[in-house]
Structures are given as C-alpha cells and as structure tokens.
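Undergrad: Keeping their order, the protein sequence lines are chains A and B. Residue numbering for the first sequence follows the numbering used here, starting at 1 and increasing by one per position. Residue numbering for the second sequence follows the numbering used here, starting at 1 and increasing by one per position.
The hints are simulated quantities; they were obtained by calculation from the structure and are not laboratory data. Careful, some of the hints might be misleading.
Unchecked claim - Partial chain B-side listing against chain A, Cβ under 10 Å, derived:
no.: 1; residue: N84
no.: 2; residue: G123
no.: 3; residue: F249
Quick caveat: nothing in here was measured; it's all calculated off a predicted structure. Each residue gets a CB set at the ideal place from its N, CA and C atoms; glycine is no exception.
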Amino acid sequence: MSKNCIRINGAREHNLKNISVNIPHGKHTVIVGVSGSGKSTLAYDVIYAAGQKRLLDCISEQLKRFTSQLKQPDVNFIEGLTPVISLKQYKPSNNPRATIGTLSEISIYLRYLYTMVGTVNCPYCGTNYPIRPFHYLIKDLEKLPESTIVELQFPVYKIKSMKYEEFFYNLRKKGYKRIEIDGVRKDLRDWITIDKQPITMMVIADKLEIHQELSRSDIQAIQNAFHQGEGFIRIVIPDITEREKCDWFFKKHGCADHGMFTADILPSFFSFNDMSSSCEDCRGTGIKKAAFPDILVKNKRKSLKLGPFFSQVYDNNKPFYFMRMYSLSKHYKFSFEDPFDKLPDFAKKIIFYGTNGETFPLLRPDSYKKEMPSYTAKVGESIDFEGLVTGINNLYKNKQKYEFTEAQEKFFNRFMIDEACQSCNGTRLKPQRQFISINGYNYYDLGDMELNDLKPFIDNLEIPPEKTDAVLPVMNELRTRINSLIMIGLGYLNLNRRADTLSGGEYQRVRLAGQIGSGLMGLTYIIDEPTVGLHGLDNIKIINLLDQLRQKGNTVVTIEHDLDIVANADYIIEMGPGAGIKGGEIVSTGTIDDIINNDKSVIASFLKRKNNEMIAKHTCIEDKPMLKVIGARANNLKNIDISIPLNSLVCLTGISGSGKSSLAIEILYKAFWSSLHDPRVIPGEHLQIEGREMIKDVYCIDQSPINRSRTSIPATYIGVFDAIRKIFGECKDAKKYRLTDIAYYSFNAKGACPSCKGRGYMDTHVHYLGDLQTICPICKGSRYNRDVLEVLYKEKNIAQVLALNIETALSFFEDNSYIYNKLKVIFDLGLGYMTLGQQINTVSGGEAQRIRLAKEISKIRGKKDMLYIMDEPTTGLHSKDIERLLKAIRTIIDKGNSMIIIEHNPDVIIQADYIIDIGPEAGKNGGEVVVAGTLQDIINCPRSKTGQYLKSYIKE
Amino acid sequence: MEKLEIREQYSRALNIIVEKFKTDIKCLAGFLIGSMSHDMIWEWSDLQILLIYDDSYKGSSSYYLIENDVPIVINVRKKNNFKNYLESTNVSDYFFCALSKSTLLFTKDKILKEYFEDILYIGDREREIEMLLGFSEAIYYMNKAEKNIKVKNNSANAIYFIFHIAQGIAWLEVARARLFPEREIISQASKINPILFNKIYDVLYSEKVTNHIIEEIIETCHEYLKENTMEVYRPIISYLIEHGTLKEFSLKTREHGFGINYDWLYRMGIVDIYVEPVRINNNAEEFFQIGYKIKKEYC
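Build the full structure now, drawing on both the sequences and the hints.
TA: Right, dumping it as structure tokens:
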C-alpha cells in the first residue's frame, strides 16, 4: 500500500499531533471523528493545501502574481499526491445570474441544441419554419427573378420601462425612417401615437433589387437587418405578381404567409449573461427592484399628522412636507388625524402612487407655525405629489445610470423589493428568443422543466438524420449531465432555479454531478459531507456516484458522519479521540471490519449500536395546542392543510425537494417574521395560519455560514465579549490607569497591539513557500498593547481571559448571570474545550454549526411561546454531538417553546414527538402530506418512504 | 454675372469625367454638389462630385482630379456607408443640406435613386421640432440682446445677439416651409418672409443703427415670437391639454441643438408654474424643481 497511496508524514497543522497516515489511491476513503477532532484539518489544510500549492508552483512567476498564495501546511512531507479538487459545502453567493443550468453547464449544451435543432414559430401566426444558415438563404435569394424589388424588415420590441416617444426616437436615431405597427405603415419622421399595445412592430430596414449575384452592399444590408432583428427578418415583395413567382422561396425557408425568416442563430443568443442577448430591462437577472408600499410605513397606527412613514421616505418634520400632506388630505377629502391603517384605500393609493399630475393648492393648517424656506412654494400656490412609491422608483431609475453610493444602495435595499421583470416576465432574454423552440418548448420553457421530465424529453428527441453527427456529442453531454443530477437525487430541480436558493448540500451535489460529467480521471476529490440534505433512502445514490468517481481512477476522500457512507467506504480513517486539544490523533484506520473490531474506536460503538435503543419516550401531543396552516400552496405544496402541535419537537421529513422548506421556511417562518418584524418579507402562498396568537416570536436556524472573519471569536459571536469588556472597563485598575473606555479591551480598536494590529501574528511572504505566519514578537500573540494588559480582573488580564476555555470561563464568570447563561449553552453543546478567544475561522464545520446553534438558543433563554425552526441542525455533527444537541433542544421545549426541525437524520427523527412526512416524491410529485403522526404512525404507513427507511433503520 | 464660357468649360469637364465613371461597374451613382449644381460659378470654382460605389470598393475616400483644366473634387462613399450617413443625419448637417440641392448625374441602382428622393422628405415631427429649436434659439438670444440694451447699455453686443435671433427665426421659417436650411439661411428665410426680415435684419446694414432701432427690432422679434407661440409649441401644448402637467413629458430632439424653452409658455401666460420636491441623492436636504401646468382657459 505504501507505494500506491498518498503518504502524509508528520502533520502538525492546527491540532494535529504530528500524525502520519496513508490514503490509498483509487479508493474511497472516509475520514470520521467527532467535531473538532481534526478531520477537516487533515483533508483541507494538509492534503488540499499541499495539492493546490504544488499545482500553483507549476504556473509561471508572472501568473503567480495574480493568484492568492496558499499557506504552506505544517507537515514533514506528503508523497503520492495527485491534483486535488475540493467540493466543500457552502451557500452560493447571492448572484441572480447563477442558476442550476449555468452551474451544471447544461445550459451551454442546451444553447447549442437550440441553434442546431431549434425551429421558429412565426411571431405573426405561430407557423413553424426552420432556422437557416445565412449563406444558404442568400443563395436562394439570388435565384429569385431578376430585378425583383425586395423590402427588408425586422421585428422590434419595446421594453416596458421605455416610453414610445423614446423608442421611436432611438429607431430614428439609428437611421430608420419607417415602421409598420400592426400592419399599418408609419413614418418615424412624423408624430406617431399609440392607442393600444401593438402586437407586432416591424422596422423597414432596406430595399434591394435582386440580381443573379447579389452585390456586397446588398448582402451587407441583409446581414444588418438580421443583426438588428436579432436573427429575424421579414421579406416583403411589394409587387403581387412578382410575389407569386417567389412563393417557393417563402415556403422553403420561412413563413409563407408573413415572410418571416430566421438565420444564423448563435448559442450566445440564449445566454442571459451575454448583455446583447439579455432582456434590456433587467439585464438578464429576471428581476427588477420596486418600492413596496408596506415597508415605507414605520408605524401604521400614527396619523398623517404625526408621520407614519420612515423619515428617509417622507419627513413630516419639514414644513413643506407637513403642509403638502395636509393639503393633499384636504384636497382629496381624507383624514389627516386618523391612524394611517384606518385611511380608505383611495387615500393610500394617492399617498403611494401620487396625484398623477393633478395639482392642488398648498395650505397651511391653522395651528401650524413653522416657516418654510423661501425657495419653496408659497401658501396658495399649486403643487403636485408624485407619491412615495413612484418617487422612490423614479429615483432608482435615475440613479441606476450611475454607480450607487453606499448610502443609496442601503436606502434602495431597505425600501425596495425584487419582483419579476415585466418586460421579459422573468425569462431574462430578449423577446425574440421566445419564438425559437424545440418540439414547441422555447429555451425558457425547457429550463422550467423538472430534470426528471427533461431527461425523457432529451432522450426522445428526434434528430434529423443530416444533423445527427453534429448533434450527437451535444446530446451525449446533456444526457450525462442530466443523468448525474437525477442520480444524485436532484431530479426535482429545474435549470432556471437560482443557485442562491439552493441549500449548501444541494449546491455541493450539483458541483459533484458536474465533476462526473467532466470525465476527468487521476484526481483526488475531497468532499465534505455529501449526504447533507439527502433523505436516508437516497444515500445509496451518493454511494453510487462516489463509486463512479472512484471507478474512473480517482481517489475520493470524504468527511462524513453518515454511517451508511462510512460502512460502504473502502478505507476509514478515524480522528480523535476528542475534540480540540483532546483530538488531532489517528484513533484507527482500516476497513469497516478493522474499525468495528478496534477497541479504541469511538465510531465503532455507533456502527455496532442497535438503533431501536435510541427511541426516546415521546411527549404525548394529544393535549397540545395546535398551529394550523390552511391552504399551503408555496412552490410545490398542493393546497394542503397541516396541524402542527406546539410545545413539542416536530420533525418535517421527506426526500429533498418534497416541500419541507417551503412549508417551514417559506410559509411558517416568513409569515411570522413578516407580521412580527419586517413586512418586506413576503411569505409563501397560503390562505391562513390559525393559532398565530400563541406564538410570541419566531427564530430560524438555517444553513447559512457563520461569519468567519479573522476578528470573529466565540466570545464575540455569542455576544459575551461586550459584557466582558464592560467588566474590565469598570474595574479598579481601569480607573487607576484611565482605561475605562471599553474600546481599550477590543483587539480591533484602541487596545490592539500596534505591531500586529491586533492579529497576534505577522504575515511573512516567503518566495515559493507562500505566506508564513509567525507570532507577533511585541505582544507575543496576546493581540493587546502592554498598557491594556496591566488591567486585571480577578487577577487575569483581558488576554488571559480570552485564553480561558469555556468550561473554566463558566466558573470564572459564575457571578455574572448574563455571561454565565450564554456560556452554559455553548458548554451544554459539548464545546467546553474551546477557548473564548479562538479565531472562528479555525473552528471545524461541526463546531461552527454548534456555535451558531448556541448563539440562537441563548437568545431565547427564559423566554416562552417561541417558535423555533431549524433546517438540518445536525449538518456537520458526529453522532455523539447529535446526542448533545437533542438534549439542548429538549431543554428549550420543556420551557414552553415549540420546535420544528427539517431533518433527514434518523437519530433525530426517531426522537421527535410528532413527524410530518411530506412527499411522496420531489418537485411536482411531492408537496402533499404523506402521513403525520407519531413514529409508529410513520412506520406503519406503507406510502411513506421515510417510514420505510425508519423501519429498516430501527431493525438494523 | 456668371460668364457663359466658364460654365461651358465646366460642363464639358463634367461630361467627360461622368462618362468615364459610368463605365466602372462598381460605381453605382454620381451626384454633382456645390455651386455648379445650384448656383453661379467663377474661375476659381471647382467641381464637386460625390460617387457612390459598391461595398467592395477599397480605394481612397477622396481624389483631386483635373479635367479640361477644371479642378474636380471627388468624394467616394460606399453604398451602405452612404445610406447610413443619409439615415443618421439631419437638417442641421451642412453636407446633408448641400446634398439636398445636388444634381443626380447618373445612377445604375434604381433603389438608390428612390432612397435619395425619400431622404428629402421632412416629416411633421421633425419639422415641428426644428421649429421649436429655432424658436428656442431666438428666445435665448433675445433675452441676451434685451439685457444688453436695457441693463448694460451695450448696443454692440445687442447687435451681435440680434444676428443670432434672426438666425433662429430664419431656421423656424425655413422649417415651417418644409425646406432644407441653406448656409445663407437668413437670405433663404427672407424670401419666405421678406417683411419680417426687412424689419429685424436688413435695417442693421441699411440704416445707422441706434438704440431706438435696436429696441424696435427686439420688440418686433418679441411680437413675432408671441404670435407664433401657439403654432410652434403645439406638441407641448396639446400634451399639456391632455395631461395637465409636463411631469412625464419627454420630447427627444436632435443632439447639440438648443434645448426647448418651456419658460416662454409661462411668460406668455399659457402655463402656471408650481414646485415639486425632488430627491437629488436621497439626501436629507430639501430640493425643489419647477413644474409647468396648463392654465384652465387653455384646456
């Protein structure tokens, strides 16, 4: 094995204790261990970092300057390394341009398919005709009778946000003189009035005289018309007799009735990230920002007189504004004194959308004495009001032409929401693209199709024999990539789905499927928990996929807690035995049998355990109050009614894409958050929620990452650092040394070591070795300046306090209930070994997840009637950590709160008081309540996939 | 007076050179532009010919030839380039106006001929916008002239501005008559409205110009503009009648022209002004802008 493996010798990175380990080539190796034991350090900070570093060493010095230098891992040597690819879990950035299609690269091949086998539906009558190569069309055009006069037209479309005056002006500016609007010819040099929305608009581009050999100028003119028409032109032969002679040409290449032709459609025509193809209104994002009335109101119980709006939106303290609102109310006869929410709808409409150009006299209320600035209107003068919503929208439109300032961006984000672009209806592309289709489906329609449906569509596509050779490679790529996504349990997704709406697990799996599609071999893949977000039944899909990667000659290294994956691995490396300083060692290595038979192994006990021992005594839910969601229709939910018992642990189960998150996050969380905190949040579609009065507040822990900046430490993250700094600022020493300002006790502010600026280490760039970190010689790693370290509290300075582990800190701060309670939560979740000042960017994924849980849980300490929603809280947690988490959850419920958990982990599901299984399948085949009840009810339901999985899990 | 022998010499030269170009199959059309086409010539004149070639032409864009001892300036444009130029230009372009008075010497492309004729059409929209622009130019310089004579007592400057007022009014008159403006536009407009230009322009060089005459000229211009307000501002007034205010109004005019003067309507008592707050930079400070609304009697 020593030859055919990656040999790591003397790894000392983070908490690794000079370990040496071998990872076999061409096998699937799982690294297991409790959170914080050093799994990620070994995989990412040693193997991946070394692989990347060596790869980057191969590039030229010139190119190196443009790449970030990686840190050299602290290891004696690594041998047998191949290029390493990391597939980590993280939420994709909030970029509306990234979709499943772009991410999986299926869109690229689909674009090729459209250009090769797509046909066109005539914009006039819908008649189907083929796309032609330009030269082919010219060749036949030259065969028309000599001296035939041909007129070239091209279709144009106006975007919603543009006025007709501007639209026609722009066409005229381009040099066009005539336009045909719904068949009526108009001269752009005359006034054109539009009474109703036109269906077709054709610009008259040019005229040609046909000759046996068209001149360069004529060919250029046709090309220009195609270019302006985005691939579409209309050919008109004004002479009827001549037209009849040319009938064959129209029938052969275009719409015989309307003379439409399409040529030279390029793949980029379907790319919304190509600005020449994207909708001109939304620039390919499919969304537009618009001010939203409800969020402009700060206090709806205040009258117009007292000012119900945010001052940034409408400042009642300014005399002109005050008097204008007064005048508006008098002119349109609505109350100035009644609360805003009691005003009639027409009044609200005027306030939000304005008087539509109508003016009214400016009045002064009798008792109002404030003087207006001299340059504003005088009392009695005519004024108008554009409305709050219209005003913000207009401002946005004007400012959009330039780069926003930070203040503007903040303002617009606060008072505007995203809505579907009205010009393209969310399709992101120019309207011409909608006329090109395959079997009646345009590019957007196909992107909206579930992958499960797209697969048979592609498989059954009939390719004309003459195109087979060209199309086949594209079809093969499409099939491979779609199959990979379906195989990995993502068949419910569609290509138009935005990447930033995916969970971390889904995102990772899309990338994983992309790797299968790439067909690369001889690589080392490092994959972080590939089963996250997957139903237990679907684990086999991941196992198969990993096996495919391995069969292609790749080495697969996964960090995994799921016992199915561990049991199926070729080789297992167990890290531990504990976390942090208690970890960092190799506990056991070998095959599954080697591990089970190893007495030192922690995971062996879980692999051997009988799962039915795990089933806890459930709380009886019959007497519990119920929260009822009526008519849930968000995303794929099928108008379902669901009762959710309060003051208990409720688990939402079902395969990925079945509709769990739609119910819990989109409807429940957003509905409560919207009514309690932020009306900008629009909940998913539902009729009503009964029993909302029983909930005082709502919290949600989803899979968004924690802040991993270098200044973030557990003490700041869970919110005890301010209190600690306050203690130092108030102590005797602080007064003595005049260091009472709490900013002195922050390593980012006044207290920072002047040499390392509060980092505790210095970065040194060494040629070939990248960045090296050395402890700051001035503060010796304490991060603080000397003066601050003179201040002692209970004989410890601030740096020494930050060096305390949570367990010790508990007794140190036992007299401060605020700090104690917060620390207790983090201690209860098994993180007692972590120090208060450890940089968050050095903690493991599982530790980070628990810190986040601790932060959220500590917020509700002592509170009652809270609704807690957790989206897969066990992500990154070892079975042992899950036990701790469940204990903490029970404590919260016992205090009178409710907990809804979206979960796939059977260890958690079997502990739930009530289980709601959504499904039965994903996407359009999901969205129903398959079964709801106790564990026994679920197991007894043959239709429930979760029930069947749990049945086999417990039997095991 | 033009000498007959010179014209004959030039005509001979023209015929010779045109015959030569006609034999070139890639040469699609030729236009005679300049004095020979529409004006008198003298011994220092040259012949200006614009040739239109097929897009495959690869030669230079201009040549200076001599034929029959007549200097000939040849400009060459490719067909699509020529079409693009004609399409994208407007009456304010000098070359375009010169072309409008040109003579088509020959063409092998009947589309091009039709095209060229069509270019000379001035639509209602473009005509009314040009009238508005000429009017706005006249108002702008009238304000300057009035200030110089009434406030600064600077008659020299006032006369300078009167030339510009006359030019603005001439532009208006020519556009109203659906003509292409010539280089000597005041002279062109004088033929359309001789009485007006006699009063506001001819007096400047036919009489001794006193302050009194300047004031009279300004008064005449003022009266003229006042009388023409309703006709020239028709697009704006009809919008105002329909919509009440100009809040959503936008009228795209050609680039580099004078903006439209809306304040004149207020001065003429056709619209009222009102103020409306405006956000400049979502700034806390208050800003106000002027709005115009039509008076009830005009609705």
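Undergrad: With a cut-off of 10 Å, does the beta carbon of N84 of chain B approach a beta carbon of chain A closely enough for the hint to hold?
TA: 6 Å, holds
Undergrad: Can you verify the interface hint for F249 of chain B: is its Cβ closer than 10 Å to any Cβ in chain A?
TA: Nearest chain A Cβ about 9 Å off; hint holds.
Undergrad: Holds or violated: is the Cβ of G123 of chain B closer than 10 Å to a Cβ in chain A?
TA: 3 Å, holds
The structure meets every hint from the earlier list without exception.
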